[in-house]
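Starting from the known structure of chain A, fit chains B and C onto it as the hints suggest.
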Amino acid sequence: MYNSTKPGMRESATFDRNVIHEIQRAAETGIYDIRGWGAKRSLPSFDDLVFLGASMSRYPLEGYREKCATDVVLGDRFASEPLHLKIPITIAGMSFGALSAQAKEALGRGATLMGTSTTTGDGGMTSEERMHSQMLVYQVLPSRYGFNPDDLRRADAIEVVLGQGAKPGGGGMLLGRKISDRVAEMRTLPKGIDQRSACRHPDWTGPDDLAIKIRELREVTDWKKPIYVKVGASRTYYDTALAVKSGADVIVVDGMQGGTGATQEVFIEHVGIPTLPALRQAVEALEELGMHRKVQLIISGGIRSGADVAKALAMGADAVSIGTAALIALGCNHPKWQADYAKLGTAAGFFDDYQDGTDPAGISTQDEALASRLDPVEGGRLLANYLRVLTLETQTLARACGKSHVHHLEPEDLVALTIEAAAMAKVPLAGTNWIPGSNASM
Amino acid sequence: MSAGSRIQIMKEVGPPAEVIERFNVREMTGTHAIGHTRMATESAVTTSGSHPFSTGADLCLVHNGSLSNHNSLRRTLRREGIHFETENDSEVAAGYITSRLNRGDALKEALERSLDDLDGFFTFAVGTGDGFAVLRDRIACKPAVMAETEDYVAMASEYRSLVSLPGIAEAKIWEPEPATVYSWSLADAS
Amino acid sequence: MHREIRTWDLSAADVRALNQSLHDLKPGMEDTHWRILSPEGAHAIACGLMVPVTVEIDGHVGYYCAGMNKDATVIIYGNAGVGVAENLMSGMVHVQGNASQSAGASGHGGLLVIDGDASARCGISMKGISIVVKGSVGHMSAFMAQAGDLVVCGDAGEALGDSIYEARIFVRGKVQDLGADCIEMELPADEREELAALLERAESSARPEDFRRYGSARELYNFHIDHAGKY
Chain A
1 MYNSTKPGMR
11 ESATFDRNVI
21 HEIQRAAETG
31 IYDIRGWGAK
41 RSLPSFDDLV
51 FLGASMSRYP
61 LEGYREKCAT
71 DVVLGDRFAS
81 EPLHLKIPIT
91 IAGMSFGALS
101 AQAKEALGRG
111 ATLMGTSTTT
121 GDGGMTSEER
131 MHSQMLVYQV
141 LPSRYGFNPD
151 DLRRADAIEV
161 VLGQGAKPGG
171 GGMLLGRKIS
181 DRVAEMRTLP
191 KGIDQRSACR
201 HPDWTGPDDL
211 AIKIRELREV
221 TDWKKPIYVK
231 VGASRTYYDT
241 ALAVKSGADV
251 IVVDGMQGGT
261 GATQEVFIEH
271 VGIPTLPALR
281 QAVEALEELG
291 MHRKVQLIIS
301 GGIRSGADVA
311 KALAMGADAV
321 SIGTAALIAL
331 GCNHPKWQAD
341 YAKLGTAAGF
351 FDDYQDGTDP
361 AGISTQDEAL
371 ASRLDPVEGG
381 RLLANYLRVL
391 TLETQTLARA
401 CGKSHVHHLE
411 PEDLVALTIE
421 AAAMAKVPLA
431 GTNWIPGSNA
441 SM
Chain B
443 MSAGSRIQIM
453 KEVGPPAEVI
463 ERFNVREMTG
473 THAIGHTRMA
483 TESAVTTSGS
493 HPFSTGADLC
503 LVHNGSLSNH
513 NSLRRTLRRE
523 GIHFETENDS
533 EVAAGYITSR
543 LNRGDALKEA
553 LERSLDDLDG
563 FFTFAVGTGD
573 GFAVLRDRIA
583 CKPAVMAETE
593 DYVAMASEYR
603 SLVSLPGIAE
613 AKIWEPEPAT
623 VYSWSLADAS
Chain C
633 MHREIRTWDL
643 SAADVRALNQ
653 SLHDLKPGME
663 DTHWRILSPE
673 GAHAIACGLM
683 VPVTVEIDGH
693 VGYYCAGMNK
703 DATVIIYGNA
713 GVGVAENLMS
723 GMVHVQGNAS
733 QSAGASGHGG
743 LLVIDGDASA
753 RCGISMKGIS
763 IVVKGSVGHM
773 SAFMAQAGDL
783 VVCGDAGEAL
793 GDSIYEARIF
803 VRGKVQDLGA
813 DCIEMELPAD
823 EREELAALLE
833 RAESSARPED
843 FRRYGSAREL
853 YNFHIDHAGK
863 Y
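Residue numbers (my numbering), protein chains in the order written: chain A, 1 to 442; chain B, 443 to 632; chain C, 633 to 863.
Since the hints were derived computationally from the structure, they do not count as laboratory data.
Computed from a prediction, not measured in an experiment: that's the story for all the values here.
Mixed in with the good hints, there may be bad ones.
Heads up, simulated EDC-like pairs for lysine to aspartate or glutamate below, C-alpha to C-alpha not over 16 Å straight-line [to be verified]:
#1 LYS40(A) with ASP352(A)
#2 LYS614(B) with GLU672(C)
#3 LYS806(C) with GLU790(C)
#4 LYS806(C) with GLU816(C)
#5 LYS702(C) with ASP151(A)
#6 LYS658(C) with ASP690(C)
#7 LYS191(A) with GLU798(C)
#8 LYS453(B) with GLU463(B)
#9 LYS245(A) with GLU484(B)
#10 LYS191(A) with GLU851(C)
#11 LYS224(A) with GLU672(C)
#12 LYS426(A) with ASP47(A)
#13 LYS614(B) with GLU590(B)
#14 LYS702(C) with ASP352(A)
Bound-form chain A, shown alone:
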């Protein structure tokens, strides 16, 4: 909040400058504001949880010498060829179209260097990503853009997408500036149009029919590949239970901090719940069904550091997924492009106009000149470094809690710093036994 030193100048909390700007923009253009990134406002999050490190009653593990394992298996419920990841961090689905081909290749290279997976997006599988990503998860979305059984068969896992955290209930969006020849051809759309996407799948609605659709996907791929079901965080408790009953091997939950390539601002900020309560609800549903760790859970939406990863695992996730953070690692919003951001009327750290395709970092664009600013090999190295740091940080925290495997982290290793976080995560407020909303006293 801007506090003027001039007495008498007072900004309204209700109609502050951002709100004024938006109202006047709406009046001038007659169209809602569309942008990229996830929810930007401050929300209860992993920052409000801290670990109880070892002391008298718990003993830590030595760094480096005493092993803290990070491997995870995804999809062994029904699939004959589950995924074996070396680290519990995967790269989330982001479309070729929203991102450049170079960016998709960089993500594949980086993930492969660290022994983890990437995910296609709402545009289909590119050859670059398949070639450079050792483990590739293939999304089945409402639009079915570019979807075909050959790519399905050469994928390592399949992800049926109901929604994403930025817009639970919304479909994909890609504006004309980014529908290049190649994107248009992959999606079977006319070049340069503003894509309208379906928000429901064309051939099934509801978990009972999803169960039949999952069976079809298994039949086409001879039951080899794990099937994930991805939902945007909303009624997560019920969604998780239904995904299990529909026959999913893995559930992916994306909180409202999860990013998007292009969505209406009101959708991003006002629909869906934060990652923190979504994660707890998902784990509760799995535990009640006796399926925790049997149907694996991947959580995404605002994962930034090894602290976030460790906390997510402590709350019961099997792995996390990163999207926005991966792009930032590749150079999105890097200060070195400050002059270009200024020309766009923004600044490094504020740029979220992915939908325009004018990204100075060359990541969320189809413009050839801009896209060539990202060298995929260098990008792969950057991502691998970042993933390595995330992993090391996670291990550091896990060792401090006395764990020899990151999956041995548990909710009791955590306490909350705020009442909201305590209620949402169902961990006690630090220094107390109090979990708001819970009748049990410990």
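Relative to chain A, chains B and C alone:
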């Protein structure tokens, strides 16, 4: 679980084969029957949460789909004196039909009104004392299939559920249109 | 070419085993003609095929029959459940009875022929498939249809071609109403010839000149505030 003289409602939690054993369904006889296996969408898996829901004397309802305004409707109907035992959206649909019937609507009118008052996706099969009715919402994403022979008319969510019916191979198989009430009664048949 | 028919009774062996056997076929192998008995509404029969095999199915099938097929020919002597030939890539699927919802959904190529009626959402999200329905189609057919041809010899239900992109719709009977951005247009001579060819492939005796052509008005291709009411 039912009210009236002609319909008996049995519910249980468990796999269908076990439930059929438990209630000795094989020994039963009658003129019509409705069965339902529930996949709970927004409330718990309990016996009371299972379908069919009794909507009044000799009336019951089963539902495939998910209503999106059931909470508001439940509050309105409670104020009218309709009693609910669960948080289940389908129970609200049943309560709504009861409320309309209490106001003097025939079943067909009550179902037609539901197209405007209920929001969400639904296929309903409503059992009456001497027959049944079928309704799909306007968008009709949830499935419904009918089978008719000289001897019977049958309805299911999937054809697969009908395959063991006698004469099914020669039956006329068709799908009900959206937003249209179909009803059959023994009175028509004679 | 060895043309013995391989018979498979689904009451004796399950769909998984059938599909695996079909998937194990390689081009050039001899088992090119199959007959499936007792389908009894089972789901995902003969889906994900990859070779030019002919599969005849004796009875009614459940959901997603012949889904995601390439090169194969599938003939269903009965009705088909939801999503028959969904995401078809090439080859042919022939339903002699009626088809349930979402027939040919998101199909990229090949030909789907339905002798009876198709239900709602026929050709939804189609991306290049050709669909010929000798009966009528239900509401929301060709919804968001991106490419390909939908030919309806009977009538079309509500909201035909809503949000259509570049797909072509040909209807001989009545159209209940048209969806957003879908309009009637001229049927030029070259398209009439293509329609004739499709009708012939589908073994329909309907005459191309009896059909009306529908397609996109292209007013929703780029967002314009004056058209906001159509969204």
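Hint check results:
Between the alpha carbons of LYS40(A) and ASP352(A) the distance comes to roughly 10 Å, so the proposed pair stays at or under 16 Å and holds. At roughly 15 Å between alpha-carbon atoms, LYS614(B) and GLU672(C) fall within 16 Å of each other, so this suggested pair holds. Note on LYS806(C) and GLU790(C): the hinted pairing holds, with a Cα-Cα distance of about 11 Å set against a maximum of 16 Å. Under the criterion of a C-alpha separation no larger than 16 Å, the hint pairing LYS806(C) with GLU816(C) is consistent with the structure, at around 12 Å.
A distance of roughly 13 Å separates the Cα atoms of LYS702(C) and ASP151(A); the hinted pair therefore holds under the 16 Å criterion. For the given pair, LYS658(C) sits about 24 Å from ASP690(C) by alpha-carbon distance, which is inconsistent with the 16 Å threshold. A hinted pair counts as satisfied when its Cα atoms are at most 16 Å apart, and LYS191(A) with GLU798(C) qualifies at roughly 12 Å. For the proposed pair LYS453(B) and GLU463(B), the alpha carbon gap of about 12 Å is at most 16 Å, so the pair holds.
Using a Cα cut-off of 16 Å, the hinted pair LYS245(A) and GLU484(B) holds, with the two alpha carbons roughly 13 Å apart. Of the pairs offered as hints, the one joining LYS191(A) and GLU851(C) holds, with about 15 Å between alpha carbons and a cut-off of 16 Å not exceeded. A hinted pair counts as satisfied when its Cα atoms are at most 16 Å apart, and LYS224(A) with GLU672(C) does not qualify at roughly 26 Å. The hinted pair formed by LYS426(A) and ASP47(A) meets the criterion: a straight-line CA distance of about 15 Å does not exceed 16 Å.
Note on LYS614(B) and GLU590(B): the hinted pairing holds, with a Cα-Cα distance of about 5 Å set against a maximum of 16 Å. Proposed proximity of LYS702(C) and ASP352(A) is contradicted: the alpha carbons are some 41 Å apart, above 16 Å.
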